[in-house]
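Taken in order, these protein sequences are the chains called G and R. Under our numbering, read the first sequence as residues 1 to 168, first letter to last. Under our numbering, read the second sequence as residues 1 to 320, first letter to last.
These aren't lab readings, by the way, just hints derived from the structure by calculation. As the structure is a prediction and not an experimental result, all values here were calculated from the model. We put the CB at the ideal spot given by N, CA and C, even for glycine. A portion of the hints provided could be inaccurate.
Far from chain G, some chain R residues (derived; all Cβ distances over 10 Å) [to be verified]:
#1 7
#2 12
#3 33
#4 36
#5 139
#6 150
#7 152
#8 175
#9 176
#10 203
#11 258
#12 304
Ranges between beta-carbon positions, derived for each pair [unchecked claim]:
#13 R:148 x G:64: 39 to 49 Å
#14 R:57 x G:107: 48 to 58 Å
#15 G:167 x R:16: 45 to 55 Å
#16 G:80 x R:22: 24 to 34 Å
#17 G:148 x R:145: 34 to 44 Å
Only some residues are given here: those of chain G computed to face chain R with a beta carbon under 8 Å [stated by the list, open to error]:
#18 22
#19 24
#20 29
#21 111
#22 112
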Amino acid sequence: MASYTQEAREQALVRLMSQHGDSIKRMCCVYLRDLGAAEDAAQETFIKAYAHIDSLMEGEIQSEKAWLSRIAINTCKDILRSSWMRHIDRRKAIEELPLAAPSTHQESLELTEAIMKLPPKYKEIVLLHYYQGFNLRTCSQILGISAPTASRHLAQAAKRLRLELERG
Amino acid sequence: MKSHNPIHDAIDESLSGVHFDLTDMHRVLRASRLREEEPVRPPRRRMRVDLVFACAMLLILVVPLSLFAVRTRTTQTTHVVAAPGISTAGPIQTPELREDVIATQTAQSGEESEAIRIARLCFEAQCDTSIFSFEEYAVSVACSEEASGARQYTVDMTSIYGNGCRFTVVVSMPSGEVLQYSTPDLATMPTYLDTSAPEIQAWYEKNGPYLFTWSAEDQVEFSRRYEGGSLRLPTEGELTFEEASTLARTFALEQTGYSGSLSYAYPVLYAESSGSSACYVVYCCDTPVTDTLPEQSITVSFSPTGENPSIQSNTLLPSF
Chain G
1 MASYTQEARE QALVRLMSQH GDSIKRMCCV YLRDLGAAED AAQETFIKAY
51 AHIDSLMEGE IQSEKAWLSR IAINTCKDIL RSSWMRHIDR RKAIEELPLA
101 APSTHQESLE LTEAIMKLPP KYKEIVLLHY YQGFNLRTCS QILGISAPTA
151 SRHLAQAAKR LRLELERG
Chain R
1 MKSHNPIHDA IDESLSGVHF DLTDMHRVLR ASRLREEEPV RPPRRRMRVD
51 LVFACAMLLI LVVPLSLFAV RTRTTQTTHV VAAPGISTAG PIQTPELRED
101 VIATQTAQSG EESEAIRIAR LCFEAQCDTS IFSFEEYAVS VACSEEASGA
151 RQYTVDMTSI YGNGCRFTVV VSMPSGEVLQ YSTPDLATMP TYLDTSAPEI
201 QAWYEKNGPY LFTWSAEDQV EFSRRYEGGS LRLPTEGELT FEEASTLART
251 FALEQTGYSG SLSYAYPVLY AESSGSSACY VVYCCDTPVT DTLPEQSITV
301 SFSPTGENPS IQSNTLLPSF
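Please take these sequences and the hints and turn them into a complete structure.
In structure tokens:
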């Protein structure tokens, strides 16, 4: 295995952060419904990625976006499992998060809020498929579930979203 | 690969204020560097308590063992009552078993000592021992056992001067292989000076608040312990502190035309680690430096052999 200088590894990390940082942080934000926790999760995602950045630089990782998404989803799950998040509900409605521009369409806010309200197993498939743009096969690989299960989760998530939006 | 669909657009629009900004990047880079400096430790499995597993263990192990213990205790009580005068000492106190325990402990501590010895060799091979010797570190050892039965000893050396210097070596035993060691520079490069620490306070109480007024030996020793050895004593062929003082005073008077005496001169010999850019800096004034600095002074610098003298700062003549 080739050994890279610290500078080269850090350059690769900075490139990753510049390229994928926003979408990873937004995904964490939707998943966790907490901006502070999302910041922690997004930073932790890249710290974990840096620990294996040699593999990325050597081309052993086929899709860096899928790789980062998997790390981010697992990090979010860890945070949700942590005692702090289990006992203290810091989740907020999207209106309480000063994240959107004033001109944001109400429909967009409602849709994002509806996604945030989904149970984690539906939320993650929606985020990976619709937000990150992965096909179902890649989603199932990232989540460690079978493709039919991923497809079923996606269908149920869509149904729940529709119901939520109709009710709202 | 950006997919233009309502969900993607809605999330991006709703969270348009969320960015992975420079602060995030700096935090990631700093944390990554810190983690890289830490030695690799064997991964520890996170303990997960499974309710079904716990209940099963309770049924299989704890309940039968408890019943057995109750039964045994009843039996022992009966024996004690039935045979008064006979020693009731437990088996752990028999001489044979005690020797076994001692032998095991000796073997463990022997292996630990060997791990420390290997860590010391690693320290002496990797670090600059002209700054700190092995004896100037407090050593602690942590042991973890691998599935293969081999043990990993993490030997952590922390400077006894409380200056943040640290060196960590991970040794696999019984093979004695060094698996990992921390960045050698951090073992000899003090990272902070805790001025409120009792030892530091003792130095200041003994010598006063200004390092340049201390004796040469104290300056150098303090610098070695807490500042990474940025000061040193003159070597053969270089000016002594007295000679440096005389040269500085003479040069300052000649250059400035000052009519005072500049009777007090306080030399410091700065030395970078490379040794190539060492220089004397001499603080000259008319009155002695005590708890406060005199308002009027001239600072002169030159090479350790007295070449290239120049005036660094001059509060005697404002235009200088």
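>> For a quick check of understanding: which of the numbered hints are violated here, in increasing order?
In response: Going through the list in order, the structure violates hints 1, 2, 3, 4, 13, 15 and respects the others.
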